[in-house]
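Add chain B to chain A, keeping to what the hints say.
Single-letter residue listing:
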Amino acid sequence: MEIGSRGCLMYDVDPKFARLKGRRFPPLEKLTLEVFPLAVENVDYWMENMDWSQMRSLDFRAIDEPTCFFKKSMGLVGGLPRLKALRMELPWFDNTRDLQEFEDTFRRFLGVHRDAGLSETALEGDYWPYLQAILDRHGATLKLRLHDPERSYGPQREMLSELELSDLGQRAPNLEKISIDINYTFNGSLVGPSSRSPISVGCSSIYILRNSQ
Amino acid sequence: MSFVDTLLSEAAFPSLKTIEVFGILGVSDEHLVSHWSRAPTDQYPLLSKLTSRISVDRVQIHVGENRRLGGLPASWVLWEQGNRELV
Numbered sequence: 001m002e003i004g005s006r007g008c009l010m011y012d013v014d015p016k017f018a019r020l021k022g023r024r025f026p027p028l029e030k031l032t033l034e035v036f037p038l039a040v041e042n043v044d045y046w047m048e049n050m051d052w053s054q055m056r057s058l059d060f061r062a063i064d065e066p067t068c069f070f071k072k073s074m075g076l077v078g079g080l081p082r083l084k085a086l087r088m089e090l091p092w093f094d095n096t097r098d099l100q101e102f103e104d105t106f107r108r109f110l111g112v113h114r115d116a117g118l119s120e121t122a123l124e125g126d127y128w129p130y131l132q133a134i135l136d137r138h139g140a141t142l143k144l145r146l147h148d149p150e151r152s153y154g155p156q157r158e159m160l161s162e163l164e165l166s167d168l169g170q171r172a173p174n175l176e177k178i179s180i181d182i183n184y185t186f187n188g189s190l191v192g193p194s195s196r197s198p199i200s201v202g203c204s205s206i207y208i209l210r211n212s213q
Numbered sequence: 001m002s003f004v005d006t007l008l009s010e011a012a013f014p015s016l017k018t019i020e021v022f023g024i025l026g027v028s029d030e031h032l033v034s035h036w037s038r039a040p041t042d043q044y045p046l047l048s049k050l051t052s053r054i055s056v057d058r059v060q061i062h063v064g065e066n067r068r069l070g071g072l073p074a075s076w077v078l079w080e081q082g083n084r085e086l087v
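Note that the protein sequences, when read in sequence, are chains A and B.
Note that our numbering gives residue 195 to position 195 of the first sequence, counting from 1, and the numbers run on in steps of one.
Note that our numbering gives residue 87 to position 87 of the second sequence, counting from 1, and the numbers run on in steps of one.
These aren't lab readings, by the way, just hints derived from the structure by calculation.
Check each hint, because a few of them may be wrong.
Computed cross-link-like contacts, DSS-like style, restricted to lysine-lysine with a CA-CA straight-line distance of at most 27 Å [said to hold, decoys possible]:
| id | chain 1 | residue 1 | chain 2 | residue 2 |
| --- | --- | --- | --- | --- |
| 1 | A | K177 | B | K49 |
| 2 | A | K30 | B | K49 |
| 3 | A | K71 | A | K84 |
| 4 | A | K177 | A | K72 |
| 5 | A | K84 | A | K143 |
| 6 | A | K30 | A | K84 |
| 7 | A | K71 | A | K30 |
| 8 | B | K17 | A | K177 |
| 9 | A | K177 | A | K30 |
| 10 | B | K49 | A | K72 |
| 11 | A | K72 | A | K143 |
| 12 | B | K17 | A | K84 |
| 13 | A | K143 | A | K71 |
| 14 | B | K17 | B | K49 |
| 15 | A | K72 | A | K84 |
Label pairs and their calculated CB-CB ranges [claimed, not checked]:
| id | chain 1 | residue 1 | chain 2 | residue 2 | range |
| --- | --- | --- | --- | --- | --- |
| 16 | A | G78 | B | T18 | 45 to 55 Å |
| 17 | B | T18 | A | W92 | 24 to 34 Å |
| 18 | A | E41 | B | E10 | 26 to 36 Å |
If you only want the chain A side, here are some residues facing chain B, beta carbon under 8 Å, derived [what the hints assert, rightly or not]:
| id | residue |
| --- | --- |
| 19 | L38 |
| 20 | K84 |
| 21 | H147 |
| 22 | E162 |
| 23 | G169 |
| 24 | P173 |
| 25 | L175 |
| 26 | E176 |
| 27 | S179 |
| 28 | I182 |
Where is the CB? At the ideal position from N, CA and C, for every residue including glycine.
Next up, chain A with everything else stripped away, as it sits in the complex:
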């Protein structure tokens, strides 16, 4: 966690560390949480007692139940108007209801209007449910990192199809950096046909023109 320009790095802190009795923090600019329990009561306290107006970067790694954070942040007056960078290890849920709630919430969070679009987005894990929302809202301003870890067993992760990649280029025309999975083997072949339904695309005419298949 960084607080203000000088920053503050904390390890092994109590989840309730923010309860510093009446103290208000300077505007937060960057928040990095790793393996941290985001209990609703903590999020409520943070939202109420911290100034989120200057928040530029969110970096969540191995966070259980992050849904409440994104939900509450959308309820802030002004939201997170300066947010430019979002890095997220996408969480696992053991039931579909919680997963669905997170997907819906996170998509809405990605679609919130801010001063400008996100300039850097890094999603690790099953990023497919959010790709459309990212490109719709932030494609023009983006550096993009999409990565689903390699599978040890069973069906291999899904890649973007060639057409989806082409569409991504159309919708993120200023993309200077791309991080992407390629299931590519030593002999130069791509691994495994995609069984996933393709993401829907908006620019159908351009899409068709680029369809070389």
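Leaving out everything else, chain B in the frame of chain A:
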């Protein structure tokens, strides 16, 4: 046009400067890791291809997340324009 050709297309990605790729390992992991970490660019088809676009000045490839290798990153290759050797 192949997937990699699309990625390298100036028309599809006109501003692209940095490409980072997460590859996977094949069945002969040990051999591949050894080969990958030593291979010059002209012997490695993917890396060679990715570095062929002149306006791209940085290519980074990761492999070895696979837990069959004990959870250690097995290898990565970094290439930067102006330094055509692996770094």
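Is the hinted range of 45 to 55 Å satisfied by the C-beta distance from G78/A to T18/B?
Taking Cβ atoms as reference, G78/A and T18/B lie about 33 Å apart, which means the hint is violated.
Does the structure keep K143/A and K71/A at a Cα separation of 27 Å or less?
Holds. K143/A to K71/A sits at ~24 Å (cutoff 27 Å).
Does the structure keep K30/A and K49/B at a Cα separation of 27 Å or less?
Given that 27 Å is the threshold and the Cα spacing comes to 37 Å, the pair is violated.
Check whether the Cα positions of K177/A and K72/A lie no farther apart than 27 Å.
At roughly 31 Å apart (the allowed maximum being 27 Å), K72/A and K177/A break the hint.
Restraint check, 8 Å cut-off on beta carbons, for K84/A near chain B
violated (18 Å)
Has the given pair, K17/B with K84/A, been kept, meaning a C-alpha gap of at most 27 Å?
holds (20 Å)
Go through the hint on G169/A and say holds or violated, using the shortest Cβ distance to chain B against 8 Å.
Where the cut-off is 8 Å and the nearest Cβ of chain B is about 4 Å from G169/A, the hint holds.
27 Å Cα cutoff - pair K84/A, K143/A:
The hint holds at about 10 Å.
Min Cβ distance, E176/A to chain B: is it shorter than 8 Å?
holds (5 Å)
Compare the distance between the alpha carbons of K49/B and K72/A with 27 Å, and conclude whether the hinted pair is satisfied.
Violated, because 46 Å separates the two Cα atoms, which is more than 27 Å.
Within 24 to 34 Å: is that where the Cβ-Cβ distance between T18/B and W92/A falls?
holds (29 Å)
Tell me if the interface restraint on S179/A is satisfied: Cβ within less than 8 Å of some Cβ in chain B.
holds (4 Å)
Hints 2, 4, 10, 16, 18, 19 and 20, counting from the list given before, are not met by this structure.
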